[in-house]
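Produce the entire structure from the sequences given, and follow the hints as far as they go.
Each chain is listed here by its residues.
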Amino acid sequence: MVAAVAAFYLGMRRENERWRVLFFTGRQLLGEDLVDPEELADHLAQAWQALQGDREETKALLRRLERTLDALEEGILLLDREGKPLYMNRQAALWWGELRWRRLGAHHVELFPYHTLNSALSASRREGTVKEVIQPLREGPLLESRFIPLAEGGLLVVQQDIRERRAVERMRREFVANASHELRTPLMAIQGYAEELLDQAEEKERRPLERILWNTQHMARIIEDMLLLARVESFEQPFHLSPLDLARLVEEEKPFYEDLFRNLTLETQLEEAFCLGDPVQLGHVLRNLLSNAAHYTPEGGRVWVRTGIRQDEEGKRWARLEVEDTGLGVPAEDREKIFERFYRVDRGRSRQAGGTGLGLAIVKHIVGRHDGRVWVEGRAGEPGSLFVVEIPFQKGPHGG
Amino acid sequence: MAKILVLEDDGDIRHIVTGALEKAGFQVLAADNLREAQALFTKEAPDLAVVDLLLPDGHGFDFARLVRRFSDQVGIVILTAISEEADLVAALEIGADDYIVKPFRTRELVARVRAVLRRLAPDTSPDLTPRPGLRLDATRHVLQLDGAEIHLTAMQFGLLAALAERPGVTFSRRELLERVWGPDFYGDERTVDVHIRHIRAKLEALGREDLIETVRGSGYRLGV
Numbered sequence: 000m001v002a003a004v005a006a007f008y009l010g011m012r013r014e015n016e017r018w019r020v021l022f023f024t025g026r027q028l029l030g031e032d033l034v035d036p037e038e039l040a041d042h043l044a045q046a047w048q049a050l051q052g053d054r055e056e057t058k059a060l061l062r063r064l065e066r067t068l069d070a071l072e073e074g075i076l077l078l079d080r081e082g083k084p085l086y087m088n089r090q091a092a093l094w095w096g097e098l099r100w101r102r103l104g105a106h107h108v109e110l111f112p113y114h115t116l117n118s119a120l121s122a123s124r125r126e127g128t129v130k131e132v133i134q135p136l137r138e139g140p141l142l143e144s145r146f147i148p149l150a151e152g153g154l155l156v157v158q159q160d161i162r163e164r165r166a167v168e169r170m171r172r173e174f175v176a177n178a179s180h181e182l183r184t185p186l187m188a189i190q191g192y193a194e195e196l197l198d199q200a201e202e203k204e205r206r207p208l209e210r211i212l213w214n215t216q217h218m219a220r221i222i223e224d225m226l227l228l229a230r231v232e233s234f235e236q237p238f239h240l241s242p243l244d245l246a247r248l249v250e251e252e253k254p255f256y257e258d259l260f261r262n263l264t265l266e267t268q269l270e271e272a273f274c275l276g277d278p279v280q281l282g283h284v285l286r287n288l289l290s291n292a293a294h295y296t297p298e299g300g301r302v303w304v305r306t307g308i309r310q311d312e313e314g315k316r317w318a319r320l321e322v323e324d325t326g327l328g329v330p331a332e333d334r335e336k337i338f339e340r341f342y343r344v345d346r347g348r349s350r351q352a353g354g355t356g357l358g359l360a361i362v363k364h365i366v367g368r369h370d371g372r373v374w375v376e377g378r379a380g381e382p383g384s385l386f387v388v389e390i391p392f393q394k395g396p397h398g399g
Numbered sequence: 000m001a002k003i004l005v006l007e008d009d010g011d012i013r014h015i016v017t018g019a020l021e022k023a024g025f026q027v028l029a030a031d032n033l034r035e036a037q038a039l040f041t042k043e044a045p046d047l048a049v050v051d052l053l054l055p056d057g058h059g060f061d062f063a064r065l066v067r068r069f070s071d072q073v074g075i076v077i078l079t080a081i082s083e084e085a086d087l088v089a090a091l092e093i094g095a096d097d098y099i100v101k102p103f104r105t106r107e108l109v110a111r112v113r114a115v116l117r118r119l120a121p122d123t124s125p126d127l128t129p130r131p132g133l134r135l136d137a138t139r140h141v142l143q144l145d146g147a148e149i150h151l152t153a154m155q156f157g158l159l160a161a162l163a164e165r166p167g168v169t170f171s172r173r174e175l176l177e178r179v180w181g182p183d184f185y186g187d188e189r190t191v192d193v194h195i196r197h198i199r200a201k202l203e204a205l206g207r208e209d210l211i212e213t214v215r216g217s218g219y220r221l222g223v
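Note that the protein sequences, when read in sequence, are chains D and Z. Per numbering that gives the first Met the number 0: the first sequence ends with 399, consecutive numbering throughout. Per numbering that gives the first Met the number 0: the second sequence ends with 223, consecutive numbering throughout.
Worth flagging that the hints you see were computed from the coordinates, not collected in a lab. One or more hints might be untrue.
Unchecked claim - Beta-carbon label-pair distances, calculated as ranges:
id: 1; chain 1: D; residue 1: E202; chain 2: Z; residue 2: R34; range: 41 to 49 angstroms
id: 2; chain 1: Z; residue 1: P125; chain 2: D; residue 2: E138; range: 16 to 24 angstroms
id: 3; chain 1: D; residue 1: T128; chain 2: Z; residue 2: R173; range: 41 to 49 angstroms
id: 4; chain 1: D; residue 1: V132; chain 2: Z; residue 2: G24; range: 53 to 61 angstroms
We put the CB at the ideal spot given by N, CA and C, even for glycine.
As structure tokens, then:
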């Protein structure tokens, strides 16, 4: 059809004499009374011109798009529903080497570690975008890959070489580890000598020495939290994810937080809430939130811990942990900032309370590594705050 | 009077640790490097060694291994500035009886040293047979399970013996600390978890890590 129209068009343009001939043919073909052939010719000519223009535009657009994709530092691949590559940008072609030319359309096993692709395909079918780190060649690029399902059934894969980022992370983590080691040793000396003096101290000398001891311990807690934060930020530190019930976690951690609530009322409302979680890391989340609540709630106040499942507006289900208190509350303008390291709403008070200024940053990072989210709300019309952690819901071992 | 060897290269900490232990009534020998410690160890035959990890001429683990080659009856308490659980379990793995993380209170160190020495003292208590196929040999700190033997350190044996006294009964972490480390012990209850994790790692070799059960919200018990 296109060829016929093209021939018609070229005929019109190149040989003026033929116009008549062609019109005549058209008239013959269409029957004189049905359509005015001149009109038809006009329409066709216009349509073709428009089409030709569109094609040029489309081509130019495609070229621009391809140049843009080739300029990216990320590798981009399109895979069909079986996992066969349909397209790669320049960077992906570089990483995947000759595979592009030799094996374009080759079976996916040759391009991606089979289990990676397989699990990515089925996982992305289930829950949308999946993120995985793969290293196709030993010593080769370390590719953080996002597998994004396409409506027509294939996958868009976006890859990033994270070797450099990992190296920086490793350096930072080693630095924090070394720094904390170097800090702990002199701290130990200060504390030890203060204790020695305290043993022989007269009554009026006791308070300053006790404060020295309190402060060395406070500093030890800060060091501990710095280390923990460096650890949870580092992707070298693997998280051990397994199906885990938040309700059970709250019960299991009890011995480690119940002491905080000697002068407060702690109420638990626990409903099964399974997610994929690392029990040790989520234990940090729980203890940090609870110690926060305990420290900022005046004596006689109440703290509630709740767990359960919640479905959001998009129908996605979340395992949810709530910690609510009748404490001071967080002013609306500070609610995002309190998750930053060393951010204090009230510097003096929080130091008095013994906080390290890192607890909520630790919480945020751990929750983030579970693909979850954390935020704080006020309590409607009453003082206090409500901290909410949500982690993607996962079926429990009993299908619950 | 028990004899204690302190291996620590930092002069201040050596002074503090030595002073605290002497005040607690121990006879203390001090070394600031591995070689000196090894010489003292062979010459003086101490009952327990307090060992720092990063030393000018090696690692504290090297010394601990050396001590273990000679005897299971010498206590080892690791001093460390590293608090990662994996490192703590590694310290127990090479045969240390206990560890303490800097900065620590000196009385906590003394309490831990006393607890280890108490556990190491010749145990004349009868062997425990909490159930058929399971026997705890108190003189050798050995767990016999369906014909296989697992050697335990003093603290591990203490923990297991405490649980085995009443199989199926749940002990809280605090109760276990009190029974094994003694009533004057105070410190992190996670100590118990670290030691239990290590015992389980040993049991895992026999596929029997379920011998010690975790009871949600309360503590541990011996499975029946």
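Original post:
Which numbered hints turn out to be false for this structure?
Top reply: 2
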